[in-house]
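Each protein sequence line maps, in turn, to chains A and B. Under our numbering, the final residue of the first sequence carries the number 323; numbering is consecutive throughout. Under our numbering, the final residue of the second sequence carries the number 237; numbering is consecutive throughout.
Hints are computed from structural coordinates only; laboratory data are not their basis. On a predicted model such as this, the values are computed, not experimentally measured, just so you know. Just so it is clear, CB atoms sit at the ideal spot from N, CA and C, and this is done for glycine as well. There may be inaccurate statements among the hints.
List of simulated lysine-lysine pairs, DSS-like, C-alpha gap at most 30 Å [what the hints assert, rightly or not]:
1. B:K32 with B:K101
2. A:K279 with B:K32
3. A:K309 with B:K32
Selected chain B positions facing chain A (Cβ under 10 Å, derived; list incomplete) [to be verified]:
4. A28
5. A42
6. G46
7. G64
8. N84
9. A124
10. R126
11. M145
12. G159
13. G162
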Amino acid sequence: MCGIVGLHLRTPDLYPRLGELLTGMLCEMGERGSDSAGVAVYGDPVWTPPGRGCVSVLEVTPTAEAIELDVSIVRLGDTYLVTAEASSGELLDAVKAAYPQALIAGFGADMAVLKGVGHPRELTDGWGLTKAQGWQGVGHTRMATESAVTPAGCHPYAVGPEQCMVHNGSFANHATIRRELRAAGVQFDSENDTEVGARFIAEQLAHGRDVEAALKELCAVFDGFYTLLVSNRDSFAVVRDAIACKPAVIAETDDWVAMGSEYRALAGLPGVESAKIWEPEPEVIYAWNR
Amino acid sequence: MEPVTATVSTFDLRTTPLREVNAALHKPDLSGEFVIANPDGAHNVAVGVDAPVKVTVDGHVGYYAAGMNQQAEITIDGNAGTGVAENMMSGTVWVKGSASQSAGATAHGGLLVIEGDAAARCGISMKGVDIVVGGNVGHMSAFMAQAGRLVVRGNAGEALGDSIYEARIYVRGDVASLGADCVAKPMRSEHHEELEYLLKAAGFEGDDTAAYTRYGSARNLYHFHVDNTSSY
């Protein structure tokens, strides 16, 4: 099981409602698994002020004094959002230097990644997600299969700058690919299968491939079941494996594009009654850009 | 003229729990017409009905809608999720939109009409149901089909009729590939008649039956073949 949702807003009129809409979508999917949940929110002016580098951190209690840069820290549930007048890369290095044992949930300008163990309703309440704003959000509610119920096992996996991936399904050959990536110098935070997919995509993007090419390569290399939602600061892409047994529904209007594991996650979106709604075809990559 | 006895009862799924709605549809000696409003993608809407009633679901439904149907005429005025009309025994299930995977799975009888597209595994393990799809069907449709008829007015995805036992498949458009032991067969007069009857039942009577190809079992998997000894 697991449930995934994503909302890519086209009209700024809806930016103030991003958190409210994303909360409704994610909590509706709680019946598909609710041992952990996570979201990535792109563009909240309070959580990730424009122009500042941002790093989302778990499993440590960071303080401004311990980090070399002049940082601001906001705590949301178990996640700490660290921002500074610096690039996200510089900030990430500074946070890692101060807290080598920290779990980095995500990093990049304008992107806050929040995750934790618990029911999505309790977690989203704790984050105050309904008040969040922005242009894009993704979410995941988990029924653990491949790895432990810990913050490191929660989605999203946001392992490249401003990138984020959520996954419904399970990769069968993740251990083999993890060994290959480790041999190539890639570091991992968990034994989770999705993390391997996310780091594989990040490697592809780091080598200059675009999202579409990276996802095609993933389809060729990874074995298993998956519906994936891959986002970065300005884009949003969906792909399913060839067997396509993991569900997905996409809906599109002039004002937004939304994806959910099931239609009911989308049923509360404004204007959904006139949306174009379809089920993505296996191994076809659907992508939208801002 | 028959006396007008129809009473229409409306259930709003935003205010009435699904279990109450389904329990009301399971009452003994049920008759009349029912409307289910605001399904909002809920699962298990109007499952297990066993009465000669009309049920209209006004919107999109989630998984297993109208499953196990007997006798009832159930119309879904929207899209349906996984397993619509699964294990139907008799009656009619009519989807005005498109259906997700495994539509009509294991169904023994009745008629399932999907006006739009059906996704993967449409009619998987069908056991006697008739399915008419207005658009395309996805991969592995009629997988292990045992009896019944599947009509596809559009195209079929990969591995159509894989490991089919019996059942007749009619496809007007392209077939991406045929599954194991599924082959094209000639359209004899009884097949034109059967197809015409099914298309008419589903409201597509204008179609030229000569534009369709029939597919079915080559029956090569029915018996063990000694050449395959090394495969086991």
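Run through the hints listed earlier and report the numbers of any the structure violates, in increasing order. 2, 3, 4, 5 and 12
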